[in-house]
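The task is simple: from the sequences and hints, build the whole structure.
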Amino acid sequence: MKILGVTACPTGIAHTYMAAEAIEQAAKGKGYDVKVETRGSVGVENELTPQDIKEADAIILACDTSVPMERFNGKRVLSISVSQALKDSEGLIAKALKAPIYGSSNLTDEVADIKKQRAAGRTGFYKHLMNGVSFMIPFVVAGGIAIALSFLFGYNAFEQEGTLASYLMSIGGGAGAFGLMVPILAGYIAYSIADRPGLAPGMIGGAIAIQLNSGFLGGIIAGFLAGYIVVLIKKTIKLPKTLQGILPVLIIPVLGSLAVGLIMFYIIGGPVASINTALYSFLENLSGTNAVILGLIIGLMMAFDMGGPVNKAAYAFGTGTLVAGTGSMTMAAVMAAGMVPPLGLALATLLFRNKFSKAEREAGKAAVVLGLSFITEGAIPFAAADPIRVIPSIMVGSAVTGALSMLFRATLAVPHGGLFVLFAVENIFGYIIALAAGAIVTAFMVGALKKNVS
Amino acid sequence: MLINEALIDMALDADTKEEVVRGLATLAYKDGKINDCEKYIEAVLNREAEYSTAVGFGIAIPHGKTEAVTEPFLGFGKVKEVDWNALDTKPVDLVFIIGVPKKDSGSLHLKLLAKLSRKLMNETFRDELRKAETKKDIIAILETVF
Numbered sequence: 176m177k178i179l180g181v182t183a184c185p186t187g188i189a190h191t192y193m194a195a196e197a198i199e200q201a202a203k204g205k206g207y208d209v210k211v212e213t214r215g216s217v218g219v220e221n222e223l224t225p226q227d228i229k230e231a232d233a234i235i236l237a238c239d240t241s242v243p244m245e246r247f248n249g250k251r252v253l254s255i256s257v258s259q260a261l262k263d264s265e266g267l268i269a270k271a272l273k274a275p276i277y278g279s280s281n282l283t284d285e286v287a288d289i290k291k292q293r294a295a296g297r298t299g300f301y302k303h304l305m306n307g308v309s310f311m312i313p314f315v316v317a318g319g320i321a322i323a324l325s326f327l328f329g330y331n332a333f334e335q336e337g338t339l340a341s342y343l344m345s346i347g348g349g350a351g352a353f354g355l356m357v358p359i360l361a362g363y364i365a366y367s368i369a370d371r372p373g374l375a376p377g378m379i380g381g382a383i384a385i386q387l388n389s390g391f392l393g394g395i396i397a398g399f400l401a402g403y404i405v406v407l408i409k410k411t412i413k414l415p416k417t418l419q420g421i422l423p424v425l426i427i428p429v430l431g432s433l434a435v436g437l438i439m440f441y442i443i444g445g446p447v448a449s450i451n452t453a454l455y456s457f458l459e460n461l462s463g464t465n466a467v468i469l470g471l472i473i474g475l476m477m478a479f480d481m482g483g484p485v486n487k488a489a490y491a492f493g494t495g496t497l498v499a500g501t502g503s504m505t506m507a508a509v510m511a512a513g514m515v516p517p518l519g520l521a522l523a524t525l526l527f528r529n530k531f532s533k534a535e536r537e538a539g540k541a542a543v544v545l546g547l548s549f550i551t552e553g554a555i556p557f558a559a560a561d562p563i564r565v566i567p568s569i570m571v572g573s574a575v576t577g578a579l580s581m582l583f584r585a586t587l588a589v590p591h592g593g594l595f596v597l598f599a600v601e602n603i604f605g606y607i608i609a610l611a612a613g614a615i616v617t618a619f620m621v622g623a624l625k626k627n628v629s
Numbered sequence: 748m749l750i751n752e753a754l755i756d757m758a759l760d761a762d763t764k765e766e767v768v769r770g771l772a773t774l775a776y777k778d779g780k781i782n783d784c785e786k787y788i789e790a791v792l793n794r795e796a797e798y799s800t801a802v803g804f805g806i807a808i809p810h811g812k813t814e815a816v817t818e819p820f821l822g823f824g825k826v827k828e829v830d831w832n833a834l835d836t837k838p839v840d841l842v843f844i845i846g847v848p849k850k851d852s853g854s855l856h857l858k859l860l861a862k863l864s865r866k867l868m869n870e871t872f873r874d875e876l877r878k879a880e881t882k883k884d885i886i887a888i889l890e891t892v893f
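Top to bottom, those sequences are chains A and B.
Per the numbering used here: the first sequence ends with 629, consecutive numbering throughout.
Per the numbering used here: the second sequence ends with 893, consecutive numbering throughout.
No lab work stands behind these hints, which were simulated from the structure alone.
Wrong hints could be hidden among the right ones.
[Stated by the list, open to error] Below 20 Å or equal to it, Euclidean Cα-Cα: the simulated EDC-like pairs (lysine to aspartate or glutamate) are:
(1) B:Lys837 <-> A:Glu265
(2) B:Lys786 <-> B:Glu766
(3) B:Lys866 <-> A:Asp370
(4) A:Lys262 <-> B:Glu766
(5) B:Lys849 <-> B:Glu818
[Said to hold, decoys possible] Beyond 12 Å from chain A on every Cβ pair, some chain B residues (computed):
(6) Ile750
(7) Glu752
(8) Asp756
(9) Thr773
(10) Leu774
(11) Cys784
(12) Lys812
(13) Glu814
(14) Thr817
(15) Lys825
(16) Asp835
(17) Asp840
(18) Asp874
(19) Thr881
[Stated by the list, open to error] Have a look at the derived ranges for each label pair, beta carbon to beta carbon:
(20) B:Tyr798 <-> A:Ile276: 27 to 35 Å
(21) A:Asn248 <-> B:Asp760: 50 to 58 Å
(22) B:Asn782 <-> A:Lys302: 51 to 59 Å
Idealized CB from N, CA, C, for every residue including glycine.
Written as structure tokens, this is what we have:
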């Protein structure tokens with residue numbers, strides 16, 4: 176038999192401990208195992224562990240203040256006042272062993288509990304993703320705002336070396352914050368899976384995802400690869416005790432990073448490069464046929480992987496259609512489609528607050544600025560956290576925008592986007608309608624697909 | 748040490764628990780542990796009103812946490828059977844009084860008081876306190892706790 180107790184009183188000076196002693200003596204008197212958690216003015220002492228609770232036959236709560244209860248679900252719990260515990264410590268144990276089960280008092284509740292536990296297991300994948308995303312968000316926001324500030328000096332002002340605009344771009348762009356974004360995402364996905372040892376292989380894998388131009392989706396792959404490879408290493412490599420110390424400092428970082436890196440280069444790198452060239456020639460073949468369909472496809476591509484091979488192919492194709500001094504309808508569609516994901520998601524965080532975590536709602540505010548600055552990356556935290564629901568939503572929204580931009584025959588004469596180049600847009604009215612339509616479509620589709628955050 | 752001879756009264760002359768609290772609080776006040784005697788007594792009696800600190804076995808542990816306390820202390824008094832609304836309805840003859848400053852950062856003394864509280868549940872310990880005749884004896888017994 177094992178009896179647990181929790182004692183607490185408002186001042187927590189004396190009675191908490193006297194009640195604890197009373198319960199301990201009563202249980203020991205009957206020859207039972209006993210452990211009592213005291214929640215007095217010195218804080219929580221002798222805290223009950225999940226293992227203790229699992230093994231317990233009954234739990235006695237002698238508390239005159241509220242204490243955390245969820246942990247006792249499914250256990251016999253006797254709840255009494257501190258004074259009762261002191262008065263009748265002998266009878267306590269017998270009463271506790273006959274006490275009603277706490278929490279799930281009937282079968283349907285128990286079934287619901289089991290289902291909840293299973294759902295928690297299933298969300299492991301999302302838990303790892305969310306861990307990576309939550310660490311990535313500040314990099315996206317800081318980098319995006321720094322880049323947007325640089326654009327205030329003109330969309331190409333950063334090209335002048337030694338200027339404030341160029342420094343801002345260095346802070347925010349690929350050499351700074353945005354360069355860390357994917358490694359941080361990958362690193363903390365791996366950290367979530369494999370704990371500390373996962374971090375280095377994960378971040379290195381993320382850095383390779385950037386080199387391979389595979390975007391944040393490549394980073395997600397690198398993160399999961401690294402996490403599970405490290406778990407595998409921990410499970411399979413058994414060293415004699417004297418050498419165990421080198422596992423986390425030598426074996427895991429080296430073996431893990433090499434494995435992740437080589438898999439990325441040999442297995443991910445090839446397809447990424449060929450996707451990029453194949454899509455580029457696909458778009459070239461398409462040009463000159465139906466402009467609206469081309470706009471639609473460009474929209475789908477711009478939003479698919481935001482900085483990955485598909486997005487880059489569309490962007491490169493767009494800039495390729497620019498002839499110095501004249502506007503290009505294709506480039507206009509590319510830019511509009513690139514602005515929609517962050518704008519649409521920012522709108523969604525405002526319209527459907529309960530579908531987003533607090534961090535995501537904050538990121539939504541920054542996403543407005545990033546979207547208006549043609550920094551599509553502002554949407555990455557949302558897409559990475561819930562790719563299956565968010566990516567289709569932003570693809571559809573961007574496709575609507577791309578097609579409408581073409582339909583309205585808007586053109587753009589510079590290889591960039593955002594508020595700072597609106598002067599270079601022709602048919603600006605149609606263009607803004609196209610943008611707004613896409614953002615609204617994205618917002619409502621995300622709202623319909625995403626589940627409420629509990 | 749939380750307790751010293753100035754905080755002990757081996758034959759406190761009091762008929763009610765208010766008088767006991769006042770008597771022991773006055774000792775603490777004279778010893779410089781309290782800067783506002785009335786305020787401390789009020790805090791202790793308010794605490795009593797929540798439920799009696801008489802825990803049975805003839806023992807009561809009135810206590811108060813208030814800014815009137817300048818230094819944590821433990822006082823002790825032997826009294827002649829005072830009614831304290833005890834849980835077991837028995838009158839009280841041993842009283843420990845505790846004072847803790849409101850804004851108290853350290854927790855060492857609270858741990859010591861926790862130990863004492865546990866020890867009071869032990870019958871031999873209580874018997875020793877009752878047999879003790881001098882303040883020195885009391886302090887010697889309490890030293891085994893701390």
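Verification of the hints:
Our distance criterion of 20 Å between C-alpha atoms is met by lysine 837 of chain B and glutamate 265 of chain A, whose separation comes to about 18 Å. Between lysine 786 of chain B and glutamate 766 of chain B the alpha-carbon distance is near 15 Å, which keeps this suggested pair within the 20 Å criterion. Note on lysine 866 of chain B and aspartate 370 of chain A: the hinted pairing is violated, with a Cα-Cα distance of about 44 Å set against a maximum of 20 Å. A C-alpha spacing of about 25 Å is found between lysine 262 of chain A and glutamate 766 of chain B, which places the hinted pair above 20 Å, so the restraint is violated.
At roughly 10 Å between alpha-carbon atoms, lysine 849 of chain B and glutamate 818 of chain B fall within 20 Å of each other, so this suggested pair holds. No beta-carbon of chain A is positioned within 12 Å of the beta-carbon of isoleucine 750 of chain B; the least distance is around 15 Å. Listed as a non-interface residue, glutamate 752 of chain B keeps its Cβ farther than 12 Å from every Cβ of chain A; the least gap is roughly 22 Å. Every beta carbon of chain A lies more than 12 Å from that of aspartate 756 of chain B, the smallest distance being close to 20 Å; the non-interface claim holds.
Non-interface call for threonine 773 of chain B relative to chain A: holds, since the shortest CB-CB distance, roughly 21 Å, exceeds 12 Å. At roughly 19 Å, the least C-beta separation between leucine 774 of chain B and chain A is larger than 12 Å, which holds for a residue marked as non-interface. The claim that cysteine 784 of chain B lies off the interface holds: its Cβ sits roughly 20 Å from the closest Cβ of chain A, which is beyond the 12 Å cut-off. Residue placement check: lysine 812 of chain B does not keep its beta carbon more than 12 Å from all beta carbons of chain A (closest about 6 Å).
With a closest Cβ-Cβ approach of about 15 Å to chain A, glutamate 814 of chain B is found to remain outside the 12 Å limit, as its non-interface label requires. Taking the minimum C-beta to C-beta distance to chain A, about 17 Å, the non-interface status of threonine 817 of chain B holds against the 12 Å cut. The beta carbon of lysine 825 of chain B is kept farther than 12 Å from every beta carbon of chain A, the shortest such distance being approximately 19 Å. Its closest Cβ contact with chain A, about 7 Å, brings aspartate 835 of chain B to no more than 12 Å, contrary to its assignment away from the interface.
Residue-level check passed: aspartate 840 of chain B sits 18 Å from the nearest beta carbon of chain A, beyond 12 Å. No Cβ of chain A comes within 12 Å of the Cβ of aspartate 874 of chain B; the nearest lies about 16 Å off, and the non-interface call holds. Its beta-carbon lying about 25 Å from the closest one in chain A, threonine 881 of chain B satisfies the requirement of being farther than 12 Å from that chain. In this structure the hint that tyrosine 798 of chain B and isoleucine 276 of chain A lie 27 to 35 Å apart at CB holds, the actual value being about 29 Å.
Restraint check, asparagine 248 of chain A to aspartate 760 of chain B: a C-beta distance of roughly 55 Å satisfies the suggested window 50 to 58 Å. Under the hint 51 to 59 Å, the C-beta atoms of asparagine 782 of chain B and lysine 302 of chain A, about 54 Å apart, fit the expected range.
The structure fails hints 3, 4, 12, 16 (numbered hints given earlier, in ascending order).
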